[in-house]
Amino acid sequence: MTKQQADLYKQGTLELLILRLLSSTNLNGWDIMQRLQLASGEVLSVTPGALYPALHRLEARGLISSTWRPSDNNRKAKFYALTTRGRKQLEAQRKEWEQFSAAVSLILRDA
Amino acid sequence: MEHELDEEMRFHLERDIEQNIKSGMTPEDARYAALKSFGGVDQSKEECRNARGVELIEYTVRDVTYSLRVLLKSYGFTIVVILTLALGIGANTAIFSFANGILLRPLPYPQSDRLVVLDETALKRGVNSMSVSYPNFLDWREQNTVFEDIGTYYGTGRFSLTGAGEPVQIRGSRISHGLFEMLGVAPQLGRTFTANEDRPEEDGVVILGHDLWQRTFGGDPNILGKKITISNRARAVIGVMPPGFRFPEVSELWVPLALTTKMFTRTDHGLQSIARLKDGVSLPQAQSEMNNIAARIEEQNPVTNEGLGVNVMSLHQYLSGDYREGLLILLGVVGCVLLVACVNVANLMIARGSARQKEFALRSALGASRWRIVRQLLFESLLLSIVGGALGFVLSIWALRLLLSAIPFQLPFWMNFNVDLRVLGFSIGITLLTGLIFGAAPALQTSRIDLNDTLKEGGRGSAGIRTRARSLLVVTEIALSLVLLVGAGLMIQSFLRLRRVNIGLDPKNVLTASVVLPQAKYREDDQRAAFFKQLVERLRNLPGVEAAAATATLPLSGGNWGRSLTVEGYPVLSVGQAPAVQHTVVTPGYFRTMGIALLAGRDFTDADAKDSPNVTIVDERLVRQYWPNENPIGKRVRFGPPEDNEPWHTVIGVVSTVRHQRVQEDTRQSVYLPHQKIPVTGMALVARTSSNPTDFAGAIRREVAQLDPDLPVSQIATMEEVVAESIWQPRLYAALFAVFAGGALALALIGIYGVMAFLVQTRTHEIGVRMALGATARDVFKLIVGRGMKLTAVGIVIGVCGAIALTRWMQSLLFNTSTTDPITFVLISFLLSLAAFFACYIPARRAAKVDPLVALRYE
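Protein chains in written order, with the numbering used here: chain Y, 1 to 111; chain U, 1 to 859.
Rather than coming from a laboratory, the hints here were simulated on the basis of the structure. Some clues are possibly wrong.
Quick list of in silico lysine-lysine cross-link-like pairs, DSSO-like style, CA-CA up to 27 Å [said to hold, decoys possible]:
hint, chain 1, residue 1, chain 2, residue 2
1, Y, Lys76, U, Lys22
2, U, Lys521, U, Lys262
3, U, Lys677, U, Lys521
4, U, Lys226, U, Lys22
5, U, Lys262, Y, Lys76
6, U, Lys521, U, Lys533
7, U, Lys610, U, Lys533
8, U, Lys610, U, Lys635
9, U, Lys226, Y, Lys76
Extracted from the complex, chain U is given alone in its bound form:
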C-alpha cells in the first residue's frame, strides 16, 4: 500500500515537472517548483529511501525489471546487440575450450604434473630430441636418485588382430614392465606385465584397452587367460585397462618389449622414456642429475655415446608444446574480435543513449542520482551480455565441434575438450567483463549530459560530444580490424605459399594404403620380399592403374627412418657426429609412380635382389653436398654406426629432392634402398591411376585379400589428402584468422556506417543551411565521405603501427612470409579503405539529397 502510494505520488510529480519544463523552467527549477507545490512532504522521502539498505534490493529488482521492459520494447536493437555479443563470446569460449583441452587441463593420470619425458639429445649435431637406446635407459634407471620410477616403450605401432571377424589393424605399443604402475593407472581386470615378460621367450601376453575389449570382445568378463591372435601370434590376455585409458597417443593394446640382442647396443635408438619425479624434486634438479649421468655414460662409452645428452621435459609440455604458440595467438585473435564487438555495441549504446536523453534527464530531475542512472544503464548492458553470453556458450559447443572436425586424425587420448569448470568460469567471466566494458563508457557518457541543454534543446546540444566519442570508437574498431586483417592476410599468404611448394612429387591421382605383415607369419625375409613383389605386380595389372609400387615410409605421413651416413672419401665420423639421412625402402617403380624425377642413372629393378650387389639411389641434395662437380654414379656410401662396418652401397641413380618430413622444409637428405634387400614388414602401397583414385580402394583391398585374407588394409587415402593433412595446422589457422578478421571487418563497417548515419541525422539542419548558402550536393557528399575517410585513415595508421608491433609474434606460424610483408600491409589498408568508403557512401548520399527547405523547417 505504501509502495502504491509512492508510485502514485511519483507519477504526479513527474507530470508536474514535465509541465513546468514545457513552460520553460530549467529542470532544477521545475523540480523545485513541483516539490514546492506538492507540499514538500515527499522531498525527503527519496533521500530517506536511499539511506535505507533494504531498499537497495527493491531498487535493484525494479531496475532489472525496468531494464527488461526497455530492452524488450526496442527489440531490433536488442537482437543486434545480443547476436554480436553471442558471436564474440561464442568464438572466445570455443577457442578457450580448445586451448583448455590442450594447454590447461591436467593429463588424465594421478599427479600428472610429476610425470616427465626423457629424450636423448645430440646437440653437437643439432639434434634436440631423439629416441632412447635401451642400455642407456638401463643406466638411467640404475643410477638416478630423482625418479620414483622410470619406464620405457615404443611409440604407437600397428598390430593386426585376427580371428574375431574381419582382420583389423589396432594401434598398440610395446611397453616395459612397470610403465602403467609408474603412470599410476591400475588395470580394471587382471594384471600388468612382470619384469620376466620383458624377455622375448616370455612375452606371449597382451593387455587390452577397455574400448577394444568392449568393441571386439563384447566386454567378455572371462577374457583373462584367453588366447587371441595379434599379428599372427597367439597371446594370452592378462589384463584390461580402465575406460578412457590410452597410452601413448591413441594406443589401446599393449604387448611386452620383447628385448632382442640388437636392443642391447647403445647405438640402437628407438625407445621413448617416461618417468615420475620423486616428491620434492624439481625439474631442474632432475635435469642436472641426468646431465651428470649422461656424462658418466659418455665417459665409459666414448664411441657410442659421444656428444649424447639427456633432456628432461614435463610430459604435459612435451605433448602440448607443438600447439602452444598457435593457441596463444588464436586466443589473442578472438580476444581482439570480442573487443571489436564490445566497441561496436558501445557505439550502438551511445546512439541509443541519445534517443533516451529525455528519459534520463527527467529521472535525474526527479532526484535520481547519477550513480542510479549509471547503475540502470549497467544493468541493461549486463542483461544484454548475459543473454548474449548464454547464447554464445551454446554456439561455442557447436563451433568447437566444427573446429575439431578440421583435425584430420584421431585425437590423442589426453586431449579432452569437454566443458569443465575452467571453461564455464571463463565464459561467465568474459560475459560479465564484456557487459562492463561496452556498458561503462556509454553509461558514464550518457549520465554526464547537461540536463539543461538536453531538455531545452531537444537533444541537439550534446550531439557533438557523442559524435566525438563514437568517432573514437570507430577509429579503435578500424585499427583493431586492420591488425586482424593483416594477421589473416599473412596467414593466408603463408598458406598459399605452402600449397605452392614443390614437394618433389606429383600427388595427383595417386592412391595410398598401408599393409603391415605380421612378423610371426612372415618370419623369413624372402616371404616378405616375395609378398610385396607379388602384390605390387597385381596392382600394376589392374585396369586403370598406370603404375604401382610400395614404400616403407610414405612422404609427409609422419613416417621416418633416420640412419647415420658415411661417405667414401670423407672422414669417418662417430655416430654422435655423423649426419642422419632419411632412409627410404622402396620397390622398383616407386619414382615413376610418385612422379619423382630420376635425374641420372637408373631405377631399382627386380634384379636388385638378395644376392645382388648393394645399391642405393640418392637425392639431389646429397649429391650437391658430397660430389658437387663429379658424377655421383658409382660412388659409395654406407649407413649405421661406423664401428658396425655395414657393407658399402654403390650409387646407381639420382632423384629429385622430396619434402619427406614437412612441406615447410627439407630436413634430411634422402637415400633409397630396394625392398628386396631390406624386406621390412610394413609398407605403404602407392598406385597412380588414370581416373579418380578413390575408386580403386576396393580393388586394392581385393588384391590384398587374395594374397592373404587375414591381412588388414588401412589408411587408404589419396596422396593429395596425405599432403593436405600434413599442413592441416596452417590451413586451420589461416581459416580461423580469415573468419575472425572477416567478422571484425563486418563489425567495423557497421560501426562506421552507424556513426556517419548518426552524423548526417544530427547535422541535417547544418547541411540544409550549407545548401541554402550554395553548397552543391557534391560538396555535401564530399563533406560526409571526407569525414568518414578521415576516421578510417586515423584508424589505419594506428592499426598499421599495432600490426607491426603485434604480428612479429606470429613469425613461427608463417612460412616464407615476413611479418612486415609490405604487399600485405598495403593491400589490406587499401581494401579496408575501400570498404569504409562504401560504408560512408549510403549516409553521404542521403545527406546530398537533403532538401534545404525541409531541413530548415524541420527544426
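Only chain Y is shown next, with the shape it has when bound in the complex:
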C-alpha cells in the first residue's frame, strides 16, 4: 500500500467510525475523539487535524448535520447528528465492511 492509499483507507474507516458513533447519539467533535479512543481500547487514536476535516466533509456530503447548543460544561459546542442519508450510507458501508473483512479474514485464515 502506498502512503496515499493508506490515508484513503484510513479516511474511509474514520468516516465509517464517525457515522457509527453518531448513529446512537448526537456528539460534538471532542466527544467523538474521546469515544473513538475509549471504544477502541486506546488502540485507535485520531488527531483533531484529521477529525474535523472529516466531520466537515461528511457534513458537506449531507451525511451528517450540525447544530450549536450548550454542552455539559455550559459552553456552546457544535453537535453533529446523522441524517437519513447518513444512516443509509452507514448501513451500506457496514455491509460492505463486513463482507470485506469477512473476505480478508477468510483469506488470512486459509492461507
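The hints should help you fit chain U onto chain Y, whose structure is shown.
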C-alpha cells in the same frame, strides 16, 4: 464560517485543557499539551487576532454579550447590585439637580452674570445689609460710571385684585421705570413704565405677569388699556410680561413706584436696588467706585448717612447665598453614601469573583491575557452601573419631587429644577465613575490570582487575600457610615434642640390669617383703625374662640419692621449708630391670644386711641439693657431718626421676649405699639381656639366678608405651622441626613455580614479541626464575632477621626450643638457596634453549629 470553525476549535481545546488539568497537570502544562496535541496550528491564531484592530470591536461585542449572559444567569446578585447602585446614583442625581437649580443654573435673564444687587450697609452698627433710600439711589444712578443701568423696586407685597370673581391676593411689586429694560426682558404685549409714571399722580397703570393674565383674564388679547381694580384702585393695563417671568421672587404684578415726599428723605430705607455692570467692569471695580460714591454722600449728608456704605454683590450669589453651604454639605453627604454603595458592590463582586475563579483560570490558561479578563470584568461592572444609573435617574426625578414638596413656600421664579444637560452629564459621569470604582479593584484582584493555586486547590488558596481585601472594604464602609451617622446625629440633635427652644409664645391652638386693606378704599387712619377693631371683636365673639387679636408682623413669618431707638436719659445717637428695634403694631389682647407673658404693667386697651398719650410696651431684653435695676414703667423712648424728633412714648408694660425673626436667636429687642395709634393696612389676625384651630378658617373668612366682601383673606395657617415652616431648612437637612446615614448604615451592615459569612464558609475546615481538637461552640462563636468586632473597631476609630475632621464644616448648620459633641460620638459608636454585632451574630452562630465530622469529610 471562519468564525464557527474558530469556536469549534476553541471548544475542543478547552475540553482538552480541562481534562489535562483534571489529570494533574498545571494549567500552563495543560495548555501546552493541548496545543501540542492539536498540532500547534491555532497557537498563533490568538496572537494574530489580538494584533488585528478589527477584532477588538468583535471582541468587545462578544465580551458585552458574554457579560450580559453571566449577569442574567446570576440574577439575584445582579438585582441587589443594581438596586444598591440605583439608590446611590438616584440620591446623588436628585441632590445634584437640587443644587444645580439653585447654585449652578444661570438666572433666567440675558447675561445674568452681569447683574448685581446694591445694598446699603451700616457696618459700625453691625448691619451688613439694609434697604436703600431713594435719594441715595438717585445719587448712585447720577454718579456711577460702572453700571450700564440701575433700577430700584420694593420687595414683594400683596395686592388685592377685585372685580374678576372672588377677591384674590396677588403678589406684586412696586418698581422704578427702566427696571425691566435693565433686566433685559421685554414685555410680550404693550410697554413698560415711563419715567413720568414714577410720580404718584401718573401712576394709574399696571403690568401683568403672563400667568396672571392667563389665569384671571383668560389671556384676553385686548387687555391693553383696560382698567382693572388693584387694591381698590382702578389702573390701566399697559403691558403683559412674557411667560415664566417673575420678579422679584414670585411677583407677577407690577405698579409704578409712586414716589412720595417721605421717600425723598435719606433716612427712609425701604427699597431694593439692582444694576447691570458695564462690559469689562468687574465686581471689585464696581465695589470700589460705590465705596467712593458712598463716602461722598456721607460727606455731604453727615447726619443721615453717617457710617453708611454700599455693598455690591452678584445677583445670583445674593439669591442663592442662603442655600449654598447646606447644599454643598448635602452633596458631600450623598457622595459618601454613593461611596459606601460602591464599596459594598465591590465587596459583592469580590465574593462573586471567588465563585468564578475557575472560569477565569480556564480562560487565562486558554491564552486570554490578564488585560482581557480585567476588561471582561469591567464590562460587567459598567453594565451593572449603567442599568443602575438609568434606574437611579428615574428615581431621582421622583426623589427631587419629594424633596421640593418639603419646601413650604412657593419657589422663587429663578429656581428651576428641570433636567438640563448639566444634570444629565453629572448623572452619566457618576454612573461611569461608579462602575469603574467598584469594578476596578475586584477586577484587578480577581485577575491577579495564581492560576496554579486556583485550579489545584479548588479556590481555597487565595481566600486569604480575598478576605483581607474584603475586610479593608468593610472597615472603609464602617468608617464612612460612622461619619455620616455622626453628621446625622448632630443634625437631629440640633433640630430637636431647635424645636425645644422657648420662642416666648404658645403656638398651640392659634389660627392666623392675613388681611390687607386697600389704601384707596381705606384712605383714612380712622377707617383702618375701626375696621380691625371691629373685626377683632367679631372674631372674639365667635363660639369656640377664646381670644383674638391682630399684629402687623407675625412672629417667624418673615415680616419685620425695624426702627431706630432713642432712650430718654441715654445719649442721642445718629441714625447710623442708633440700635434698631423690632417695631410691632398690635391690637389689645395680642399678648393674651399668643400666650406671651405680661411681666409688668398693663396691656393696651381700646382707650389707647388716636388722641390718648403715646404709650408702648417693651420686651424684657430691652428692660435688662436700659433699666436693669429700675422700674421700667413710666420710662420714655422714641423711634425713628433722632433729627425727626418724633414724640416720646411712655412704657406701660413689659412682656417676655419673643423670638420674632428666627427661632435660632433673638436678633432685636422688641417694642409694641397700639394699632389704634398706628393704623397700618396689613395685619395678621390671630385667634386662640378651644378646639382644632383649622376648623375656624371658614368662620374667619365669613367675618371678614361680612365687613367687606371685596377683601381677600390669605395665608391661613395655624401658628404651629408658621413656627414649623420657619425651621423647614434644619428639618429638611436633619431628615435627609438621617435617610442617607441610615442607608449607609444598612449597606455597611450588609457588607460586614457578607464578609463574616464568607469567612465562615471558607474556614469551615479550619473550624472543624478546631472543634475536633476540643474548641467549644462558644469558642468558635467568639472567634468569629471577635473577628467582626475587630473590623468594626478599626472602622469606628478611623470614622471618629474622619468625623472630627469633617463635621466642623457643618457648624453653620447646627444650632447650639458642638460639632464634636461627645455624647453624639459615643452614642453613635455604641449603636454602630451593636448593629455590627448583630450582623456578625448570624454567621457566627452558623460557625458554632459546624459538625466537625461533616466539616472534615467535606474537604
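Hint-by-hint comparison with the structure:
1. Y:Lys76 x U:Lys22: This hinted pair holds, its Cα atoms lying about 21 Å apart.
2. U:Lys521 x U:Lys262: 21 Å, holds
3. U:Lys677 x U:Lys521: 19 Å, holds
4. U:Lys226 x U:Lys22: Distance ~96 Å between Lys226 of chain U and Lys22 of chain U Cα, so the pair is violated.
5. U:Lys262 x Y:Lys76: Violated. Lys262 of chain U to Lys76 of chain Y sits at ~92 Å, over the 27 Å cutoff.
6. U:Lys521 x U:Lys533: 17 Å, holds
7. U:Lys610 x U:Lys533: 13 Å, holds
8. U:Lys610 x U:Lys635: Distance of about 21 Å is within 27 Å: holds.
9. U:Lys226 x Y:Lys76: 81 Å, violated
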